[in-house]
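Participant: First to last, the protein sequences are chains A and B.
Anchor point for the first sequence: position 42 equals 41 in numbering that gives the first Met the number 0, and the numbering is continuous, going up by one each time.
Anchor point for the second sequence: position 163 equals 162 in numbering that gives the first Met the number 0, and the numbering is continuous, going up by one each time.
Wrong hints could be hidden among the right ones.
[What the hints assert, rightly or not] Quick list of in silico lysine-lysine cross-link-like pairs, DSSO-like style, CA-CA up to 27 Å: (1) B:K228 - B:K287; (2) A:K166 - A:K98; (3) A:K159 - B:K188; (4) B:K236 - A:K131; (5) B:K236 - B:K188; (6) A:K167 - A:K108.
[What the hints assert, rightly or not] Which bits of chain B does chain A cover? Going by a derived footprint, with three or more residues having C-beta under 8 Å, they are: (7) 5-11; (8) 31-37; (9) 277-285.
[Said to hold, decoys possible] With the Cβ distance kept under 10 Å, some of the chain B side facing chain A (calculated, not the full set): (10) M0; (11) Y1; (12) P2; (13) M40; (14) L42; (15) L50; (16) R55; (17) L59; (18) Y61; (19) S83; (20) N107; (21) D154; (22) R187; (23) V189; (24) G207; (25) T211.
No wet-lab data here; the hints were simulated from the structure.
By construction, the Cβ of each residue, glycine as well, lies at the ideal position given by its N, Cα and C atoms.
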Amino acid sequence: MAIDVEEAASTVSSNSTRTIHVTVNGVRHRSTVDARMLLVSYLRERLRLTGTHIGCDTAHCGACTVLVDGVPAKSCNLLAVMVDGRNVLTVEGLETGGKLHPVQEGFTKEHGLQCGYCTPGMMLASIGLLSKNPNPTEDEIRRGLSGNLCRCTGYVNIVKAVQYAAKKMQETPKGGA
Amino acid sequence: MYPPAFDYYAPATLEEAIGLLDQHQGEAKVLAGGQSLIGMMKLRLAQPAALVDINRIPNLAYIREDGTFLRIGPLTRINDLHASDVIRTRYPILYDASGEIADPTVRNWGTVGGNASHGDPGNDLPACMFALNAEYQAQGPKGSRTIPARSFYQDSFTNVLAPNEVLTEVHIPKAGKGSGNAYSKMERKVGDFAIAAVGAHVVLDANGTITTAGIGLTNVGPTAIYAAKASEYLVGKTGTPADLDRAADLAAEAAQPIADNRGPVEFKREMVRVWTRRTVRRALERAKGGS
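Here chain B stands alone, though its shape is the one from the complex (with noise of 0.2 Å):
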């Protein structure tokens, strides 16, 4: 299967890459690792006048912890975030979900600025996202805007981001003490999106109190979807069996399955309940020291 013709441009630099944005005015995609996008233009699915690759611009794969964030570059291969100490030690649920994401050869291409902004409901950052309340940094021609990730979502495929601009930085907020969080995915084979997979995290007091939580469901819905009523449910809470419960109840209850080669409605609803006792207790186990 060969993609429709489209034109290329491998521009050097952002500010290039943006212009080229710009002149083609929603005609054009960024292609960074392409291992999604390619795929669906084979079959037909995305079928864009240009492509603008941006794998020759400099500098934008990196990891870096600063004062108040992490901050991940756009082009930044999710084996690579795979690999990375800081992500392994201090941000366990990209540790998680970058080792299940496709296959260990996709991973190779696949890129974290693409798997968080594609809009696939089965990509699985976009629910370690809602969890760890990151933001997406975005550079258009007039400029940088910072957007949360838990508004950047509007339905499948679709996101807030203008068609001259591009997702230039990740930023989430820097791991402190008392930081646990975990990623799990049910899926039917490796490579497969989840049948449904949960991210979760939170942050504990000296008390062991439950200060910040989040919760992300993948491929239940047109999006990831951010749990949050379950989420502030556990703000408060000490993590007890019955407070996990009702968080994932609440939890199922956001869920909007649908029925497909990977189960029923209800099904699915429950293996979110499931998953999410079992991944708020991971995080809840790792915030204490626990691996």
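Here chain A stands alone, though its shape is the one from the complex (with noise of 0.2 Å):
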């Protein structure tokens, strides 16, 4: 496929490192990467994506969630080379045009974040619920966000947030990601 990003490629030629080629939000990069690099790492480190953070780095939190081929995965638990080939989206990719992704007016609009911390990855494990099951009741919300922790503990107003997006997603069928 075409390269958006080439970064600099390894000379070294080991079974510990491989090039990777991975589309994220919409730039096809290729790079070569340590296989024990982590995806999160990959993404924040070496794309410079720092929006999907980093929360308890145990698979436990889903501060770091972000959309592989359109479903939710934790970023802290996979390893960069799991992705190869594959189309990852994260926070920094929901605004289009210069227009806010439904899910983010969602959380502007009913005040789904305090710190802030859990945000991006909130949005994301959002969005993978929406795709799934566009009108949520507010139990499977809560259930489908369950791998979500906000510490802030404002789980209120991202239920509300949500609900905003799924209306507003129907209302507009090409609002989706």
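Both chains are sitting in their own frames, so use the hints and assemble them into the complex.
Facilitator: Given below as structure tokens:
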């Protein structure tokens, strides 16, 4: 495939490194990475996409949630090499043409964040939830987001934010991710 | 946290994967969903010299029912198990369990084969496989063999697979008339391992007598536990309250819990008793056509 961003290729040939092709927020990258590099480190340290947060670093809190081929994944618990050939969406890719994604709009309008640390992961998980279930009940939202922790405990407004987005996305069918 | 360095292989075929495992003589681990393994590597609880990533091998993710078995491919994601109509309507124990493993995001990557073979006593599928009397098909360089789930686990994180064998399919006896099963998990919070969890499976004949029973316990011993005496006791019974009480007592006796931050021994044993009674009752209700 055509490459938008090519990093300096490694001259080291070893099974502990690997060259991967990954599309992140629509941009195609070719990168040589250590096999042990976590996806979240690849996004933050190599691509400088620091909107994806590291919270617990043990796959509990969901702050690092991104979409891999449209499906939520905890990027601290995947290796970068596991997304070779795949599409990754991070919080930086949600806004298009200066327009907020309906989920971003929902979190803004409904005050779905306090400190904001969990918000990128929370929004990506919400988008994953809404793509499978466009009109979830409160219970389904709470269960669907149960892999994402908000230590400000602002869950009530997070639920409202997702409900706002669900409504908005149904009104404008093209508003989805 | 970074995992320790390792050699990474992403074979395109099962044969190639087995060849790589064979070549590394016990120093390599299979990488499926990675949702337990990567975390253990970050904490240095596992330090394999090589990972054989099976995610690129086609046709390892499926749920199929034939004349004899429900067959589940090892790379079937936990969420796909949970979303399957066949599972929900005919093998509800797996529907229950797959909705309780870790959290929804982890379940997008976590796999049936990984949860079944990893060997953490907190994994939820082994107790279900005990209850259902499942068997695992494993493939190595010399061909494939079938291993009953009830004799698969030797100790925590230790199973009977040779270092060059891969779990290639889970076989569950096909659900027939009068079959009912359920899984109940008591957990402190979403995403945690169980304080105690119980899987129960029964088959009833036309008179309502139990002809087959299986009870499996999660996280109350070094491995999942098959409560053999409790299961055998139920055969020939009809599931009266006294039958359930006795089975629950036998299951509690089979448990080997240790005290930890999920509770003391007595509490966990009591929870096995309580949840065995409730879960067998639910399995019986489902066998009689309830939900």
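Participant: Hint by hint, note whether the structure agrees.
Facilitator: Going through the hints against the structure:
| no. | hint | in the structure |
| --- | --- | --- |
| 1 | B:K228 - B:K287 | 24 Å, holds |
| 2 | A:K166 - A:K98 | 17 Å, holds |
| 3 | A:K159 - B:K188 | 23 Å, holds |
| 4 | B:K236 - A:K131 | 43 Å, violated |
| 5 | B:K236 - B:K188 | 36 Å, violated |
| 6 | A:K167 - A:K108 | 12 Å, holds |
| 7 | 5-11 | holds (count 5) |
| 8 | 31-37 | holds (count 3) |
| 9 | 277-285 | violated (count 0) |
| 10 | M0 | 5 Å, holds |
| 11 | Y1 | 6 Å, holds |
| 12 | P2 | 5 Å, holds |
| 13 | M40 | 8 Å, holds |
| 14 | L42 | 8 Å, holds |
| 15 | L50 | 7 Å, holds |
| 16 | R55 | 9 Å, holds |
| 17 | L59 | 15 Å, violated |
| 18 | Y61 | 18 Å, violated |
| 19 | S83 | 14 Å, violated |
| 20 | N107 | 5 Å, holds |
| 21 | D154 | 24 Å, violated |
| 22 | R187 | 12 Å, violated |
| 23 | V189 | 4 Å, holds |
| 24 | G207 | 35 Å, violated |
| 25 | T211 | 33 Å, violated |
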